[in-house]
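There are 2 protein chains.
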Amino acid sequence: MTNYEKYKAHLRKITDINLAAGVLHWDQEVNMPPKGADFRAQQLATLSEISHNFSVDVEYGKLLEKLDGDSNLSEDEIRNVEISLKAFRKSQKYTAEFVKNHSITVSEAFQAWDKAKKENNFSIFQPMLEKLVELKREECKLLGYSEHPYDALLDQYEPDTKSSDIEKVFQDIKEKLVPFVKELMAQKQNEDAFMYQRFEQQKQWDFGIDLLKQMGYDFESGRQDLSSHPFSIHFSAQDVRITTRIDVNNLNEMIWSCIHEGGHALYEQGMLKENYGLPLGKAISLGIHESQSRLWENNVGRGLPYWKANFRLLQSYFPEELKAVNAELFYKAMNVVKPSLIRTNADELTYHLHVMIRFEIEKALIEASIEVKDLPSIWNAKYKEYLNIDVPSDSKGVLQDIHWSHGSFGYFPTYSLGSFYAIQFYNQAKEEITDLEQEIEQGNMQPLLAWLRKNVHRYGKKYSAQNLCKKITGEKLNFEHFLSYAKEKYKPLYNL
Amino acid sequence: MTNYEKYKAHLRKITDINLAAGVLHWDQEVNMPPKGADFRAQQLATLSEISHNFSVDVEYGKLLEKLDGDSNLSEDEIRNVEISLKAFRKSQKYTAEFVKNHSITVSEAFQAWDKAKKENNFSIFQPMLEKLVELKREECKLLGYSEHPYDALLDQYEPDTKSSDIEKVFQDIKEKLVPFVKELMAQKQNEDAFMYQRFEQQKQWDFGIDLLKQMGYDFESGRQDLSSHPFSIHFSAQDVRITTRIDVNNLNEMIWSCIHEGGHALYEQGMLKENYGLPLGKAISLGIHESQSRLWENNVGRGLPYWKANFRLLQSYFPEELKAVNAELFYKAMNVVKPSLIRTNADELTYHLHVMIRFEIEKALIEASIEVKDLPSIWNAKYKEYLNIDVPSDSKGVLQDIHWSHGSFGYFPTYSLGSFYAIQFYNQAKEEITDLEQEIEQGNMQPLLAWLRKNVHRYGKKYSAQNLCKKITGEKLNFEHFLSYAKEKYKPLYNL
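Chains U and C, in that order, give the protein sequences.
Position 100 of the first sequence, counted from 1, bears residue number 449 in the working numbering, the numbering being contiguous throughout.
Position 207 of the second sequence, counted from 1, bears residue number 556 in the working numbering, the numbering being contiguous throughout.
Read the hints as simulated data drawn from the structure, not as lab findings.
Treat identical chains as interchangeable: a pair holds within one or across any two.
Derived DSSO-like pairs: lysine-lysine, alpha-carbon spacing no greater than 30 Å straight-line:
#1 K384 with K357
#2 K657 with K552
#3 K562 with K384
#4 K467 with K562
#5 K449 with K357
#6 K622 with K819
#7 K464 with K731
#8 K357 with K480
#9 K733 with K517
#10 K355 with K449
#11 K681 with K552
#12 K355 with K384
#13 K820 with K631
#14 K631 with K449
#15 K531 with K745
#16 K411 with K449
#17 K442 with K355
#18 K480 with K355
#19 K467 with K622
#20 K384 with K811
#21 K722 with K464
#22 K480 with K622
Please build the complete structure, drawing on both the sequences and the hints.
Pasting the structure below:
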């Protein structure tokens, strides 16, 4: 065995454990009976501890140091080693005790959050969230940072991005997007009441499956289930699962979660089998992951060509409910811009204000300038300030998102970055694919999927997010693309 | 930490890994998309390897040796250590390579068996089965044995039982049970055609859930799903899952698998939380495990009192199909003794001939007196000889059982032992519980479950199978109890 082969075998083992833990996580959210929670948390903690021990193994570290600069390695191999070495150096900063505490707390916090949300009672979640925030502050110290402690968390999801970068983007949003949204709000709203009729659960489910198949999601390498918060997860590129949530009184929930999670899943299904466990077999960053879901959700799914392809099928499931609707009216309805309570249901413009609120809260929690117990009132005040919305209950407010219960702080900003990468990629795809939107209008998503496979999916972490963006589009992330897209799309929709 | 605490922590870690692997196994059979199989096999192999490494860890061995004879230990602690030390000494005989090969082969064999059975093509399974048999022969050599290599395999499922013991039981069956079955076969058969009408899947499912709830199966600590071969599995006493199989043209499949797997699950749900991972938190043997399923299935479920309690409910699900039936006719129908093809559907008397065939084949495979490629013809010949049955296809013959694809050789004989323990326990319960069968007739299973919890479940491995039997019933396993039960029950059913 060469050193590189030893490295690969070791990484494969770590990946096997992590993805096995993934199966336990998926099961926990989809299938596990309630009393199973305690021992499940313990089992996950044990897997996490074992994986951590392999990740920080001194011999593995020595192997990586030896491979660093090994002149026999190919370009791809060098890149794998480079990323693994960075991760190793980072992982050495964690103590086994921290990893175990974190894992146990996260499992318990999920149960508490789930109960708190169901019972609309923040106090059920509060002590667990306090524990988690403490752990996150400790994590920032363990990892270190140069500007702001929050940077240490951000780097886990969006490498090489800092709080100050995010702040700049949100500054742009405040200065350029918010005034545009105000302009829109002064106009007459488009009709979307027909989205909120009663739509039978099974028919919604079936339509969602149709959309996923059309996108090219491979059901022999995945499955869809129901869960309280839709998510995608992979146990290999050959087993990439998604979940959805169906509201029988609101067609939006199912449609957007299917397309969104389907976009994530296509990214994972597009990883190369031979790169299993290696950095080149893993997503670049959450921002790029989100670009794949947002591209399908917003740039494709909320576009007129997509509904020219699919509205009739939808209508055939719900002929009575949608008899007075056509593709154009449907397109207008799904692009209503309106400040709202729930992030995951927000339109693609005000969405970024939801993200901004979470970013501001997280940053303040991490720097300890606010306290967990005050979150409901802080949350509600910010929704009033930025979105002019009164939050009627914590279930629809501070408890709406699953992320904190997972210990995912530093995650939310990547959602906005994802949308901005998405439009930049989509514009480029339109330039490179002949008649892309006519193909979409025919229900043919294959050219777009092939383009994404070729330009994004197959590379894994071969390029950094910014370098991939530059390679594909000729420039780094540029918010102006999103702004132009927003204006071009929404001005006609709002008769501006 | 005392040595005993260290021992407990180590065992808990091993159990966490093994039960995590259990979740992956369950998922594989209930949910996994087909292309996920390859990496799943690899992930299971990795978990198995890690668990094995912990189990054979030299430091752990030293700890056990230190604890062996430690005068500070309680009686229960001494018993835990004794069993763990035996297991440790055994586990030292396995090489890491064998464990890994075994795990990979088993995962692949399951896929091959599943396909072979679906396509009725033994040759798809044959090469994997050959690999497995080779591995099993190797395993017997690794473990060692005094009389017959098969004893080494048997000991894994039914400690302290030898092939020669099993042969004695089957000798009894041949001499005493087979003539009795022949007597029955000379009489007029009871009517059971109404069991083979069309029974809607969802209603069958719902009735099965009702039966499980009545037995006392806790759905907050478990769930039921569909799979091709019903099984039960636990990830803690608080997460014990079962699966069933529904044949819309045969009511038997669902009813008996629900009650049978429910019986297994009640045993696991009855283990004490504080014994998680310890021998005293684990089933004594497969024979005792099977006694719990068979007691519910045969002694309770195939009894008249049970259907006096439940037939009306069943009839309310299927009023048309069962309008001409009553509890007595139903009782007669489900106790038709008739040689048949499929073990899991066999009546409680001829069942043991099915087990005998598998035992003879396994023993011959292990001693290499027959070859895998000849299995279909050997199988069919034995079914002709013992049951006077022509096997129409390998799917209904040699491919019918999942066990070999799991690498489970030495397992089948425990099914017969289970039935014999079951009736011995049940007779005792009838003596100790006031009006037991009147309670059952009222649908009250609580007294029986409480008796089993008290006398069997809570002990785990505290006593050996034979010692537990003696403790409860005053004597060791005695086949005569089964024979008396059979005669007492079936003579009136067949007008003898």
